[in-house]
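Chemist: Line by line, the protein sequences give chains A and L. Sequential numbering from 1 applies to the first sequence in this note's numbering. Sequential numbering from 1001 applies to the second sequence in this note's numbering.
The set of hints was computed from the structure by calculation and includes no laboratory data. Treat the hints loosely; a few may be bogus.
Unchecked claim - Pair by pair, the computed Cβ-Cβ distance ranges are: (1) Lys309(A) / Ala1214(L): 19 to 25 angstroms; (2) Asp120(A) / Arg1226(L): 51 to 57 angstroms; (3) Arg57(A) / Val1157(L): 37 to 43 angstroms; (4) Thr1215(L) / Lys372(A): 33 to 39 angstroms; (5) Gly109(A) / Asp1014(L): 54 to 60 angstroms; (6) Arg1226(L) / Gln72(A): 32 to 38 angstroms; (7) Val1265(L) / Asp120(A): 55 to 61 angstroms; (8) Lys309(A) / Lys1175(L): 39 to 45 angstroms; (9) Asp266(A) / Gln1116(L): 25 to 31 angstroms; (10) Asn231(A) / Val1157(L): 32 to 38 angstroms; (11) Pro1013(L) / Lys370(A): 53 to 59 angstroms; (12) Thr377(A) / Pro1263(L): 33 to 39 angstroms; (13) Pro1003(L) / Arg161(A): 55 to 61 angstroms; (14) Lys370(A) / His1164(L): 51 to 57 angstroms.
Stated by the list, open to error - Facing chain L, from chain A, some residues (calculated, C-beta under 8 angstroms): (15) His277; (16) Tyr284; (17) Gly288; (18) Leu289; (19) Ala313; (20) Leu354; (21) Leu357; (22) Ile358; (23) Asp363.
All residues carry an ideal CB built from backbone N, CA and C; glycine is no exception.
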Amino acid sequence: MAAAATCGTGTRSTGSVVVAASRNNVTSFQRRGPRASGTDSGCSRLVSIAGTRPSVRNGQLLVSTGLPALDQLLGGGLAVGTVLLIEDKYNIYSPLLFKYFLAEGIVTGHTLLVASAKEDPADILQELPAPLLDDNCKKECDEDICNHKTESNIKMKIAWRYQLLPKMEARPVSSSRFGHYYDVSKRIPQELIEASKWHGFFLPEKISSTLNVEPCSLNHGYIKLLQFIQNIIYEEGFDGSNPQKKQKNILRIGIQNLGSPLWGDDICWTENCDSSHSLTKFLYMLRGLLRTSLSACIITVPTHLIQNKAIIARVTNLSDTVVGLESFIGSEKETNPLYKDYHGLIHIRQIPQLNNLIYDVSDVKDLAFKLKRKLFTIERLHLPPDLSDTVSRSSKQDLAESAKLLGPGCGMTARGKKHLDF
Amino acid sequence: MFPELNNLLNTTPDQAEQGKLTLLCDAKTDGSFLVHHFLSFYLKANCKVCFVALIQSFSHYNIVGQKLGVSLTTARECGQLVFLEGLKSAVDIFFRPQEDPHPLQFLREANSGNLQPLYEFVQEALKPMDSGEAAWRCPVLLVDDLSVLLSLGVGAVAVLDFVHYCRATVCREQKGNVVALVHDSGDAEDEENDILLNGLGHQSHLILRAEGLATGFCKDVHGQLRILWRRPSQPTAQRDRSLTYQYKIQDKNVSFFAKGMSPAVL
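Could you put the whole structure together from the sequences, leaning on the hints where they help?
Modeler: Written out as structure tokens, the structure reads:
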């Protein structure tokens, strides 16, 4: 396609550029990803990537978010090529989910790309939670093994055939499975970080060089980040266009606090700002990059700082999966007896319908999370038992009021004004 | 296409109406199933379709289209479908600046651009071929979706201008149809989106509005569809006829039923 070859300075193979005006252009670039048109042959190639699995519903390639409970709520995991947006008021628990995502990438051997304007990515990686793997559990299981050893030497007298069967492993298995558990109270061992491949984007370091791209309404920092991401994707062959590199790995991108003033964006300062399209344009470009590569992205946006509600709606529309965390800290719900066992509510606001008319909708809408000493758990919200001797009307009314507040957050197929889910 | 929706709209692929602007909008739910319906409907009706897909990739529509019985790859190869993949083109424009004008030129511009290159692309794609090619029935422009253009820095007035130009060319001159999806932001106070939605609402002949149930989430009824006919073709019919149905989306089909008559309830 001669017309396609004239464009640009890159050394991309001509087949990978689609000139939209030409009707006869059939791109020779078959993206090795879940979007490859349809079939079982595609799936059998994709399953071989570590840490991924095809979705039960439509064969979409999924990666784990680091929290098996969240994976289940999202329909099996996060689809490759999509963006996961974590909305958290006051940013209390979203860094933890961010770290779970990155830690999962290290354990499964995926390449990481960490971008932040506030913290150095190397520091973020130091703070990742430790995985509960075979060798970590070994010390705890050693006493158990000593106990079992004496028993195993006893020969089975009656069911002696069973002696010949291999013993069942009761410990957590190695890192080839999907979704791991992490210990939040411990740090990830240094050797795991060193063995992993990661790229860091720390805005104050990158922004000092001058920019030679013509001005467009995108922020300087965002342009740099997009170029960095695109560079990594191309150089390491995540989009299959680099003829030298045949990459069969997933790139996990994590961008922290996108839209905060530290990125140079002014949507948090005023309601009608000049560069109000910077963030949404960036998200659109990011979506374009992700759809054509084997990568998944997690972003956190400080929605409590953004003054313009329209922008939040647009950001939500441009992200694929949206999870909202509502912590009880500082709100009236902290002292509410309904919520005394939990730290906050979690809402699955949006799930993408990719390659499908429908998606897996979880029936459970009232979900709450709890950060225990070692684990972040997500459970269905249970009402505490009413242990008062007499029926106190005031407390029942409080509970009803709080139950009403659960209404607006639920449902991604439809949201209504009243809270009457059935 | 969904046969039940065809019955509700009183059309079949053989007798598709011409010269109409159809507005699809969704409020608090996802109305993309309507886009899939119209795409497969017009491809089955043997119309020439120009699809400006700004929000999803080609293979997404292709895979869903195969479930609905049309193959987008064959349609594209034989020239029936002109597909502008917004996501892929945006990445190309942004990282590899090109000399020749691209339909999505406005992505590179600093101030809010106009959509003239995009209009010229549509015009070029849908202009009637008189020599040697198979005659398609009527040209159709399908846009998914227009709200994304607002997020990309184009003003609401520029988008309305674009739709106006497209209507003049496609609907009036070439007796074709235009179908566009706009999100209704509801209470998110998105003024630009409201301007766009109201402006298009006044110009369109058929409005399909997918919204959530007023009572919240339900497993068996996924939402409610309001159909509004404006300026109907038959002079004897009433003006501005409106109907409401509820729907449930299944794997390869969407079933519609009257309000409260869901099979799960009966």
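Chemist: Any hints this thing doesn't respect? Which numbers, in order?
Modeler: Going through the list in order, the structure violates no hint and respects every one.
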